[in-house]
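Asks: Residue-level listing of the chains:
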Amino acid sequence: MEAAHQDVSDRRLLTDRIRYYGDDVAAVVAEDEVSAQRALKAIRVEYEEYEPLLTPEAAMAPGARAVHDECPDNILRHMDLRTPMPPESGFQSVEDVLACDSYFQFEGRYATQMVQHCHIEPAVSYAYMEGGRIVVVSSTQIPHIVRRVCGQALGIPWGDIRVIKPYIGGGFGNKQEVLYEPLNAFLTRAVGGRCVKLELTREEVFENTRSRHAISFDVKAAVDKDGTIMARWCRAVSTQGSYASHGNAIVANAITAFRQLYPDRLGHHSEAYTVYTNLPAPGAMRGYGIPQANFAVECMMDDMALKFGLDPYRFRLQNLMPLGYVDPFNGITCHSTGLRECMEKGRAFIHWDELREKYENQTGPVRRGVGMAVFSYKTGVWPISLETASARMVLNQDGSVQLQLGATEIGQGGDTVFTQMAAESIGFPSARVHIVSFQDTDTAPFDTGAYASRQTYVTGMAIKQTGEAFKRKLLDYASELLERPAEELDVRDGEIVDAGTGALVLTLHDLAQEAFYSFRHSVHIAAETTHQCRDNTFAFGCCFAEVEVDVPLGKVKVLRIVNVHDSGRLINPQLAEAQVHGGMSMGLGYALSEEMKFDGKGRLLNGNLLDYKLPTAMDHPELTALFVETEDPSAPFGNKALGEPPAIPVAPAVRNALLHATGVAVNTLPLSPQKLVEAFARAGLLS
Amino acid sequence: MYDITSIYQARSVDDAISALKSDPEALVIAGGTDVLIKIREGKDAGCRLVSIHELREELEGVALAPNGDVEIGPLTTFRGCTFSDVIRATVPVLGEAADMAGGPQLRAAGTLGGNLCNGITSADTASTQMAFGAILRVRGPEGEREISINDWYRGVGKVALAHDELLVKIVIPKSHYEGWSGHYIKYAMRSAMDIATLGVSCLVKLSADKTVVEDLRLAFGVAGPVPFRCLETEKAMTGLPIGEAVKQIGASALKEIHPRDSWRASKAFRIQLARELSGRALAEAARKGGAQI
Amino acid sequence: MSMEILSCTVNGRPVEVGIDPRESLADTLRERLGLTSVKKGCEVGECGACTVLVDGEAIDSCIYLSVWAQGKKILTVEGLQDESGELSPIQKAFVEEAAIQCGFCTPGIIMSAVEIVGSGKQYTREELRKLISGHLCRCTGYQNILNAVERAVNEAHKFVGK
Numbered sequence: 001m002e003a004a005h006q007d008v009s010d011r012r013l014l015t016d017r018i019r020y021y022g023d024d025v026a027a028v029v030a031e032d033e034v035s036a037q038r039a040l041k042a043i044r045v046e047y048e049e050y051e052p053l054l055t056p057e058a059a060m061a062p063g064a065r066a067v068h069d070e071c072p073d074n075i076l077r078h079m080d081l082r083t084p085m086p087p088e089s090g091f092q093s094v095e096d097v098l099a100c101d102s103y104f105q106f107e108g109r110y111a112t113q114m115v116q117h118c119h120i121e122p123a124v125s126y127a128y129m130e131g132g133r134i135v136v137v138s139s140t141q142i143p144h145i146v147r148r149v150c151g152q153a154l155g156i157p158w159g160d161i162r163v164i165k166p167y168i169g170g171g172f173g174n175k176q177e178v179l180y181e182p183l184n185a186f187l188t189r190a191v192g193g194r195c196v197k198l199e200l201t202r203e204e205v206f207e208n209t210r211s212r213h214a215i216s217f218d219v220k221a222a223v224d225k226d227g228t229i230m231a232r233w234c235r236a237v238s239t240q241g242s243y244a245s246h247g248n249a250i251v252a253n254a255i256t257a258f259r260q261l262y263p264d265r266l267g268h269h270s271e272a273y274t275v276y277t278n279l280p281a282p283g284a285m286r287g288y289g290i291p292q293a294n295f296a297v298e299c300m301m302d303d304m305a306l307k308f309g310l311d312p313y314r315f316r317l318q319n320l321m322p323l324g325y326v327d328p329f330n331g332i333t334c335h336s337t338g339l340r341e342c343m344e345k346g347r348a349f350i351h352w353d354e355l356r357e358k359y360e361n362q363t364g365p366v367r368r369g370v371g372m373a374v375f376s377y378k379t380g381v382w383p384i385s386l387e388t389a390s391a392r393m394v395l396n397q398d399g400s401v402q403l404q405l406g407a408t409e410i411g412q413g414g415d416t417v418f419t420q421m422a423a424e425s426i427g428f429p430s431a432r433v434h435i436v437s438f439q440d441t442d443t444a445p446f447d448t449g450a451y452a453s454r455q456t457y458v459t460g461m462a463i464k465q466t467g468e469a470f471k472r473k474l475l476d477y478a479s480e481l482l483e484r485p486a487e488e489l490d491v492r493d494g495e496i497v498d499a500g501t502g503a504l505v506l507t508l509h510d511l512a513q514e515a516f517y518s519f520r521h522s523v524h525i526a527a528e529t530t531h532q533c534r535d536n537t538f539a540f541g542c543c544f545a546e547v548e549v550d551v552p553l554g555k556v557k558v559l560r561i562v563n564v565h566d567s568g569r570l571i572n573p574q575l576a577e578a579q580v581h582g583g584m585s586m587g588l589g590y591a592l593s594e595e596m597k598f599d600g601k602g603r604l605l606n607g608n609l610l611d612y613k614l615p616t617a618m619d620h621p622e623l624t625a626l627f628v629e630t631e632d633p634s635a636p637f638g639n640k641a642l643g644e645p646p647a648i649p650v651a652p653a654v655r656n657a658l659l660h661a662t663g664v665a666v667n668t669l670p671l672s673p674q675k676l677v678e679a680f681a682r683a684g685l686l687s
Numbered sequence: 001m002y003d004i005t006s007i008y009q010a011r012s013v014d015d016a017i018s019a020l021k022s023d024p025e026a027l028v029i030a031g032g033t034d035v036l037i038k039i040r041e042g043k044d045a046g047c048r049l050v051s052i053h054e055l056r057e058e059l060e061g062v063a064l065a066p067n068g069d070v071e072i073g074p075l076t077t078f079r080g081c082t083f084s085d086v087i088r089a090t091v092p093v094l095g096e097a098a099d100m101a102g103g104p105q106l107r108a109a110g111t112l113g114g115n116l117c118n119g120i121t122s123a124d125t126a127s128t129q130m131a132f133g134a135i136l137r138v139r140g141p142e143g144e145r146e147i148s149i150n151d152w153y154r155g156v157g158k159v160a161l162a163h164d165e166l167l168v169k170i171v172i173p174k175s176h177y178e179g180w181s182g183h184y185i186k187y188a189m190r191s192a193m194d195i196a197t198l199g200v201s202c203l204v205k206l207s208a209d210k211t212v213v214e215d216l217r218l219a220f221g222v223a224g225p226v227p228f229r230c231l232e233t234e235k236a237m238t239g240l241p242i243g244e245a246v247k248q249i250g251a252s253a254l255k256e257i258h259p260r261d262s263w264r265a266s267k268a269f270r271i272q273l274a275r276e277l278s279g280r281a282l283a284e285a286a287r288k289g290g291a292q293i
Numbered sequence: 001m002s003m004e005i006l007s008c009t010v011n012g013r014p015v016e017v018g019i020d021p022r023e024s025l026a027d028t029l030r031e032r033l034g035l036t037s038v039k040k041g042c043e044v045g046e047c048g049a050c051t052v053l054v055d056g057e058a059i060d061s062c063i064y065l066s067v068w069a070q071g072k073k074i075l076t077v078e079g080l081q082d083e084s085g086e087l088s089p090i091q092k093a094f095v096e097e098a099a100i101q102c103g104f105c106t107p108g109i110i111m112s113a114v115e116i117v118g119s120g121k122q123y124t125r126e127e128l129r130k131l132i133s134g135h136l137c138r139c140t141g142y143q144n145i146l147n148a149v150e151r152a153v154n155e156a157h158k159f160v161g162k
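Residue numbers (the working numbering), protein chains in the order written: chain H, 1 to 687; chain L, 1 to 293; chain B, 1 to 162.
The following block holds chain H by itself, in its conformation from the complex (with noise of 0.2 Å):
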């Protein structure tokens, strides 16, 4: 990896510096937890208070004390980008192209919260002894990686940790950091190699794990009066909490995603900063960055489609990352592209065109409205950090086959595809192949893990290839059963066939009695192959939303929502549309009620489950998911990113939404009542 994508090493176990309300700074091993805690109440610490850095402003401002003593500033990193202009523009810069008086020029300042994920499984690992070694069990969604973490953090052999993943209660980015599995494995050695279990309260949870950056966006562009966006900039600042945790990835992926979804016709600027506070440390969650950048270049299509006379669809439209498109930086290619087909089939859903025109000019305290989004999603981490993935496949007697994978099932369904991935790519029934569900390092193949929408691209690509070499072993032992050429065959339905006329040579049961049992050449037939995947490819979609607005109540009902997708060839359709549902939902809560709330002493008020307002069955409404499918040509299957996609676009799209029901443009999430009806009452809307 580059030296810039490295992890920030700047946290310990526990700490005697105490960066935010809820800082590590003493454990307590004990029997039960009822003692635990009267152990934890008994330890007195002496603090000397400073004044709580709380916003990226006040961290950055001149003579703010280091929340890091090695970075004095704040600043964890700054990036500026400039795509290079086109020779031919005449422009040298784009300030000059946004200082241009022949294009409309647009400014704005759109911004995001801080939420949390929300699993409903807390966060939770045990440690114990055996044997000498450490044996870690975590709810987690990178084994591997948290056994390197846990060797690293206890300085011993990364072959002297063993770590176990069992079925976990979700993750959603937050277990795709290593948490306290390393102060357990610490303990475990501490306590004679006793269990020592540490499961997170829900309140500490949303106190001392991660959470999704609040991104504060300015930007400014300039169109031509036929529509073209000609140039951008954008200054994007994230709000890092007291330790670095992802350190600038996700703000960089922001600007990058922001510059993406319409390339600039002259050029691009875009600037980010990652700023230490004296806030819990946020880090990744389903999106990575996306949802924020999304919130603010979807906001600013519509408030530019409005302030120009442009039709917001038709402006989307008219500016779209085209097939073929590859980003000047990274490289990433546009291989396969649904999208206009997603905007299509999303505008046929809600009644758009019929809609806008019948919600425009409403009076009346509860007024409707229709809005939209669109995004783009990149599927995995190339070329930024390394894609690599093994899977391994054994055949057992019966003539089924074990898939075993680094890969981890969180919830989204994972073990399924791999299933049906392995299948196919083997000729077999997917009631033949058996995964194995719970990661255990020392026997599963290395993957990283469950993040960045990457396992059905990244590891489907190896379970493709160990299929098919799994196959090719397969058909090497038939022939020399059989005592044909391997070619004159083929593994369709789960038996050995004659390739030409697909009648049945062998059964795989007799294959497999014979491989295993055979007097004559006994062989145990495996295959196992490592995919380092160096490409990427983008998934898009929309998201289409009817809402009804109580403007005196400051209500927001969303009263039919549509997400339309294009992530490539689904694998699973029924699985994907409830990937979808979920992404949707969480969309919701970002869009209407969720945020991390703090004091001014940077305490958090509302970690728990009362006062953090995630949504309930009765604040949803019906959610509709719709597909478009492409075939991607990198893809192993055709297939892209969809896990995280579906939380993107809906916030942006019920902000616009908003904005039509009632001309009032919020420009910062959520859009909770209280901020709405003072938006409401600055507009004159209140009487």
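Just so you know, these hints were derived from the structure itself, not from any lab. Values in this document were obtained by computation on a predicted structure and should not be read as measured data. Built from N, CA and C at the ideal position, the CB exists for glycine as well. It cannot be assumed that every hint is accurate.
What the hints assert, rightly or not - Straight-line Cα separation of at most 35 Å, DSBU-like style, residue types lysine-lysine; simulated pairs:
id : chain 1 : residue 1 : chain 2 : residue 2
1  : L       : Lys-235   : L       : Lys-255
2  : H       : Lys-358   : L       : Lys-288
3  : H       : Lys-358   : H       : Lys-307
4  : H       : Lys-557   : L       : Lys-288
5  : L       : Lys-235   : L       : Lys-267
6  : B       : Lys-72    : H       : Lys-197
Claimed, not checked - Derived CB-CB ranges, DEER-like:
id : chain 1 : residue 1 : chain 2 : residue 2 : range
7  : B       : Ser-2     : H       : Lys-197   : 29 to 35 Å
8  : H       : Ala-58    : L       : Arg-48    : 43 to 49 Å
9  : H       : Gln-6     : B       : Asp-82    : 54 to 60 Å
10 : H       : Arg-44    : L       : Arg-88    : 54 to 60 Å
11 : H       : Leu-317   : B       : Ser-119   : 47 to 53 Å
12 : B       : Tyr-123   : H       : Leu-605   : 34 to 40 Å
13 : H       : Lys-197   : L       : Arg-48    : 28 to 34 Å
14 : B       : Glu-4     : H       : Glu-49    : 56 to 62 Å
Said to hold, decoys possible - Interface residues of chain L toward chain H, partial, derived using beta-carbon atoms under 8 Å:
id : residue
15 : Met-1
16 : Thr-5
17 : Phe-269
18 : Gln-272
19 : Leu-273
20 : Glu-276
Position chains L and B relative to chain H; hints supplied.
Replies: Then chains L and B, alone, in the frame of chain H:
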């Protein structure tokens, strides 16, 4: 596991009272939905509990007294209240209010008595009981006494209940509900599993032709430190045509409420809600009473 | 605190188990009886993951003291399969409708569904939303969960015209 020092499971109301008398620091636990949470938060950690959870025979259920009064046992759960035929026939708005507390599982555990005895302003059934002028019957070592709900609240989390007294009956006299219709609006950030940002309960007694407000009750939760009635507004709305009352009630109520700023909602926002919701609650109460508006 | 004996019926079988009176029913079911379908997501009755039926009513077992369960009938997801191990129709409906993602909220919601289906009534979509509103789910947007509960209700009572 909860940090509790001891739990005494009372065998009867009198047994509970004597247990409380002998332990001046013991806490009463009924449904558990508040007390256990405070123990877990640490506020009441290490406490000694007197549990009345199992005193259902004595304390649970809704009955119609021979004189027409509605008698509610304090261990009646929110759910038991909502689905009680007596409640539905006499004071349906109370059942509706009870149906807005938390979610279904909480409503199967939390009790109406607890909702009053914890003395909190956001209690979903409190403002409606306030509007009905419920009579609270309490029993202590010396016997029983009755307290009007108007004299019940003594400050945030404080009620007119001595340490060794238990609430044993909530009575809504027939004269307080007969001829009245009511509506409760809970305004919260979510449609379930939430505490009220503001709660307003409005009862109205209409003229025979259903056009004029003959009498009115307006009670709020979260518009002050405890639930309370807007007595001036009640008087001012009396005699007005319904449409006019709906228009005026919000502005009038604003003179009597005193919500505060908190991180959950600003004072200004709560005022806006009170202004808007008073009229909506009255309009709906009147509709339920047969008014055409 | 000294141990006490809890006698009750769990999943149709009489149980006598030593408990610490400070335990919640969720603690007892998980730690002493191994019924790990009972999940803890918040321990304050906000998420519904620990929902079990006590005498037929769905309650949050995290805020229910085990001592109160004396003599009562408790049902968890482990008690739903029939003797041959076959999933119950409600569980099957959840599978068929892809109503399960991470699965952590699932056992609790299934227990509420048992009560909903057991009522013998048919419900509108909005009523079903309210009936499951005591459960938080982050994976599904509740869409397929509602589909599953609706299907289970319809199948159990042969309601047609879904």
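Asks: None of the hints should be skipped; say for each whether it holds.
Replies: We went through each hint and held it up to the structure:
1. Lys-235(L) to Lys-255(L): 13 Å, holds
2. Lys-358(H) to Lys-288(L): Between Lys-358(H) and Lys-288(L) the Cα gap is close to 33 Å, so the pair holds against 35 Å.
3. Lys-358(H) to Lys-307(H): 20 Å, holds
4. Lys-557(H) to Lys-288(L): 25 Å, holds
5. Lys-235(L) to Lys-267(L): Distance ~25 Å between Lys-235(L) and Lys-267(L) Cα, so the pair holds.
6. Lys-72(B) to Lys-197(H): 32 Å, holds
7. Ser-2(B) to Lys-197(H): 29 to 35 Å: Violated: the Cβ-Cβ distance is about 25 Å, outside 29 to 35 Å.
8. Ala-58(H) to Arg-48(L): 43 to 49 Å: 47 Å, holds
9. Gln-6(H) to Asp-82(B): 54 to 60 Å: About 55 Å separates the Cβ atoms of Gln-6(H) and Asp-82(B), which means 54 to 60 Å holds.
10. Arg-44(H) to Arg-88(L): 54 to 60 Å: 57 Å, holds
11. Leu-317(H) to Ser-119(B): 47 to 53 Å: About 50 Å separates the Cβ atoms of Leu-317(H) and Ser-119(B), which means 47 to 53 Å holds.
12. Tyr-123(B) to Leu-605(H): 34 to 40 Å: About 37 Å separates the Cβ atoms of Tyr-123(B) and Leu-605(H), which means 34 to 40 Å holds.
13. Lys-197(H) to Arg-48(L): 28 to 34 Å: At roughly 29 Å between Cβ atoms, Arg-48(L) and Lys-197(H) fall inside 28 to 34 Å, so the hint holds.
14. Glu-4(B) to Glu-49(H): 56 to 62 Å: 46 Å, violated
15. Met-1: 6 Å, holds
16. Thr-5: For Thr-5(L), the interface hint is violated, since the closest Cβ of chain H sits about 11 Å away, which is over 8 Å.
17. Phe-269: 4 Å, holds
18. Gln-272: 6 Å, holds
19. Leu-273: It holds, given that the least Cβ distance between Leu-273(L) and chain H is near 7 Å, below 8 Å.
20. Glu-276: Check passed: Cβ of Glu-276(L) comes within 4 Å of chain H, closer than 8 Å.
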